[in-house]
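J.: Guided by the hints, dock chain B onto chain A, whose structure is given.
Number of protein chains: 2
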Amino acid sequence: MFEVAELGHSVERSVYKERSASLRTQLLSVQDRLKASPCPVIILISGVDGGGKGEVINRLNEWLDPHYMRTIAFGEPTDEERERPKFWRFWRTLPARGTIGIYSGSWYSDPIAQRVYQKIDDAALQAELKQINRLEQLLSDDGALIIKCWLHLKKDRQIARLKALSKNPATKWRVTEKDKQHLAMYDDFIGVAERVLTDTSTPYAPWLIVEGSDIHYSSLSVGQHVLERIEQHLERQAMNGVKAGEAANGVSSQVEQYHLLDTLDLSLTKAKGDYRKELEKYQGKLNGLARQAQALKRSSILVFEGWDAAGKGGTIRRLTEAMDARNYQVIPIAKPTDEEFAHHYLWRFWRHIPRAGQVTIYDRSWYGRVLVERVEGMASASQWQRAYSEIVNFEEALLAHGITILKFWLHIDRDEQMRRFKEREKISYKQFKITDEDYRNREKWDDYQKAVNEMVARTSTSKLPWLLVEANDKYYGRIKVIRAYCERLEKMLDEHKK
Amino acid sequence: MFEVAELGHSVERSVYKERSASLRTQLLSVQDRLKASPCPVIILISGVDGGGKGEVINRLNEWLDPHYMRTIAFGEPTDEERERPKFWRFWRTLPARGTIGIYSGSWYSDPIAQRVYQKIDDAALQAELKQINRLEQLLSDDGALIIKCWLHLKKDRQIARLKALSKNPATKWRVTEKDKQHLAMYDDFIGVAERVLTDTSTPYAPWLIVEGSDIHYSSLSVGQHVLERIEQHLERQAMNGVKAGEAANGVSSQVEQYHLLDTLDLSLTKAKGDYRKELEKYQGKLNGLARQAQALKRSSILVFEGWDAAGKGGTIRRLTEAMDARNYQVIPIAKPTDEEFAHHYLWRFWRHIPRAGQVTIYDRSWYGRVLVERVEGMASASQWQRAYSEIVNFEEALLAHGITILKFWLHIDRDEQMRRFKEREKISYKQFKITDEDYRNREKWDDYQKAVNEMVARTSTSKLPWLLVEANDKYYGRIKVIRAYCERLEKMLDEHKK
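Protein sequences appear in the order of chains A and B.
Using our numbering, read the first sequence as starting at -6 and increasing by one per residue.
Using our numbering, read the second sequence as starting at -6 and increasing by one per residue.
Bound conformation, chain A alone:
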């Protein structure tokens, strides 16, 4: 597949000057239009050592307006990065809508290197590529433009290039021991690269292969490609913008009816005396288990969803009372900030992924996408429909990192909700919890019920089950939650001992 990039392409200096001047004007103009669009642009510059990645990136930096562009490079992961799932370091750097991120090194660097050095086998490489494809699809579905450029160099040219770099004192530093090793493994490297490029050249994120032996040629090729892809993308975006509006009707009628929630027995209760005793017992237990988990650097994520007034806050408080305040964060999810709104909807949850040994409790969560955003029409049908698998993939990535995840749906019926609204209005320090919006949401009970049923059905997997909590009786619900977390931690610790 690299033959086309071994022909010895080059561009005369005079031609380069002329063409780069006109390209720059066009790039600035398209970048100006991009600013007003809801699309982030992600440019990956990869390729063989000595293929001129750094030079091409420098040219792009020269040509584009630095106000709406950033270059992101990765070294060894920092400890803050190592303690989180591997894509976390990429998520934290993703460009905001309307801006460009140029990646020097990316999610491809590690899998390729690991396969070349035979630290992983083909099957593991395929698994990695699958995750990469999902990430790129997810970003692309959200409006991101992904431009991937591979700078290739024929073996003899790579040898010549590294020699030239070594000779010049101004560039000698660029040739590392790793480069020399890579050269020795050129054929292996090319073999792996071929497979990777084939399996990750998707309609939404195709690779461009560019010959890297002449910097004028490669930078013009990449620049021209960036220009064309952004232009196309903006055109397509302008057309699809209209479509998305049409489809913005929140509740699709094609959706099958699910009735999981109706199977819950909301008459379950727990007497006050039993509640007191069991609460003390499980809080004591949780305290010990949480400490052990912390000592072993095992993190947890607890997700709380439920009807308004279902008792999420009170339940969370019964958990945190038993934990060390230095060990957990409660993240209440409200309206996104503008920085959050300028990124993929999952970005603001990635921000709070716990470090090793820590616990994050989300009071409402990413499931807002398929609940409130769906019902209120804030997400288009295609957006919330694809969110089910995006969410499962996201949670699986957390799981793969060894994080313990529990998802609770706190369920009450409509009458109980009304009773609690009235009660809240009477108690001085609870009044601020109840607003007109709560009554408005209540009107849409049936739509929400449908959305909840579908959410549970589509995102409950054997590894990531929803825990449905009968919460008409607060005591019953709280004990069920705290016991479930204890049991899950116990199981995790048991497995750890083996």
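Because the hints were derived from the structure by calculation, they are not lab data.
From a predicted model like this one, the values you see are computed outputs, not experimental measurements.
Every residue gets a Cβ at the ideal spot worked out from N, C-alpha and C, and that includes glycine.
A few of these clues could be false.
With a cut-off of at most 20 Å between alpha-carbon atoms, the simulated PhoX-like pairs for lysine-lysine come out as follows [as the list claims (entries may be wrong)]: (1) B/K274 to B/K112; (2) A/K165 to B/K274; (3) A/K290 to B/K165; (4) B/K484 to B/K473; (5) A/K10 to B/K265; (6) A/K278 to B/K165; (7) B/K112 to B/K171; (8) B/K473 to B/K491; (9) B/K278 to A/K160; (10) B/K467 to B/K415; (11) A/K10 to B/K473; (12) A/K79 to A/K123; (13) B/K290 to A/K165; (14) B/K165 to A/K274; (15) A/K28 to B/K426; (16) A/K467 to A/K265; (17) A/K278 to B/K160; (18) B/K415 to B/K426; (19) B/K328 to A/K28; (20) A/K290 to A/K79; (21) B/K28 to A/K426; (22) A/K270 to B/K10.
Non-contacting residues of chain B with respect to chain A, defined by C-beta distances greater than 12 Å in every case (computed) [as the list claims (entries may be wrong)]: (23) E55; (24) E69; (25) Q130; (26) E271; (27) M316; (28) E333; (29) Y432; (30) L457; (31) K473.
T.: Only chain B this time, still in chain A's reference frame:
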């Protein structure tokens, strides 16, 4: 000073229950009012080991609404933190306006421990405390409420407490080797703490000393104190809000006239041929110097200010052309995002402080506070007037961390500015750079001139000089800037070799 906290205060369980219930209601109510205010609340919980810091923090977490509160704990600094000035890790966690941050461990932990272990002497401790006072003053001036609580324990009680903790399997983990060491050094520790508390009990951030032997007593005392301080602060804030409005007139007439800018010789030029030669020479030089600095993990911060159309962008590009794109970030400063607006005005600059070996170029900067915000009345007179020393302190902290800082003012005259506006309107890819606002700002030339003169006079110190750049001739200005950066790097590298 700790006698008052050695009397053996305690509270009966029944009294505790009653008082904590009423306290909780009041805390929630005041927290609700806080939400709507522009004030962040910073609560530091410090004290002797075994003084019940963790327990008090847990109680506060129970009592307050978790939606607008976070607990922040610090372990060993991560590598991302170590590579930046020491206050960076605190800045990144500061609570937003209207919210509460509870600090378990804080900027006090390190100086106290280092003095007790005799790693620093009294003079160094004093220097640290001075920096802390400045930080607290700066936050307080910005509307933050700082509540500092010290949990004290008599020596015999500390011994008894640690023994009790060690016996109970549920609390044993809390007693570390460090605690035992600290106990052996109790008297030294108390001596240092006394000095620290005395020197940092300021009108804007006084310490509360609380006896820590009974958790009911200490948590009620801290809770009551938090309640009263927030109530007072909100009252004062409501009154001062009016005052701040009165004083919001941007340009004070009392300000002395400075005439530094008038001394610049704007007729200085450089012929095109010379420019080309010198640019090539200094870009080559910069390339080598920047690589050496990177290898030595020495960071740089370059600040660019100047009149509209003074050529900041073009000058920055001539610098970055010579550098590795993976080694620098250009941070263009425009309107703050809402997350940035919810913090101290320096917060958004702290976000981009470079890691070890990296370069951050600010295209406009924190000096906006004393330029555009002053002239346009976006900052009150007292805000921009105190900003001069806040800024110098900030830059000194960067300097103390070993960062190389250069500040450039690019100067042109009014006629030259008009000529460039007209020119920009003619060139296709420069049109987007010129807006009505540029013409409006131009109308206020005299006000800006006064502000610039005062800024330079007040923030140019021997260690942190402003470099005034005669930029009517672009060639002249660019060479002056790149040469200055080269010379500064050379000096830094020379000193490093010694």
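J.: B/E55: least C-beta distance to chain A exceeds 12 Å?
T.: B/E55 not clear of chain A: closest Cβ-Cβ about 6 Å, inside 12 Å.
J.: Quickly compare the C-alpha distance for B/K415 and B/K426 to 20 Å and report which way the hint goes.
T.: holds (11 Å)
J.: Hinted pair, alpha-carbon criterion (20 Å max): A/K10, B/K265. Please report holds or violated.
T.: holds (18 Å)
J.: Going straight from one Cα to the other, do A/K290 and B/K165 come out at no more than 20 Å?
T.: Between A/K290 and B/K165 the Cα gap is close to 18 Å, so the pair holds against 20 Å.
J.: With the threshold set at 20 Å, check whether the alpha-carbon distance from B/K278 to A/K160 stays at or below it.
T.: holds (18 Å)
J.: Is the straight-line distance between the alpha-carbon of A/K28 and that of B/K426 20 Å or less?
T.: Given pair A/K28, B/K426 holds - Cα atoms ~13 Å apart, limit 20 Å.
J.: Just to be careful, I want the Cα atoms of A/K467 and A/K265 compared with a cutoff of 20 Å; is the pair within it?
T.: holds (10 Å)
J.: Is the Cα-Cα distance between A/K165 and B/K274 20 Å or less?
T.: holds (19 Å)
J.: For the pair supplied as a hint, B/K112 and B/K171, is the alpha-carbon distance within the 20 Å limit?
T.: holds (16 Å)
J.: Holds or violated: B/K467 and B/K415, Cα atoms, limit 20 Å.
T.: holds (16 Å)
J.: Find the nearest Cβ of chain A to the Cβ of B/E69 and say whether that gap is larger than 12 Å.
T.: violated (10 Å)
J.: If I take the minimum Cβ distance from B/E333 to any residue of chain A, is it greater than 12 Å?
T.: violated (8 Å)
When held up to the earlier numbered hints, the structure conflicts with 1, 8, 11, 23, 24, 27, 28 and fits the remainder.
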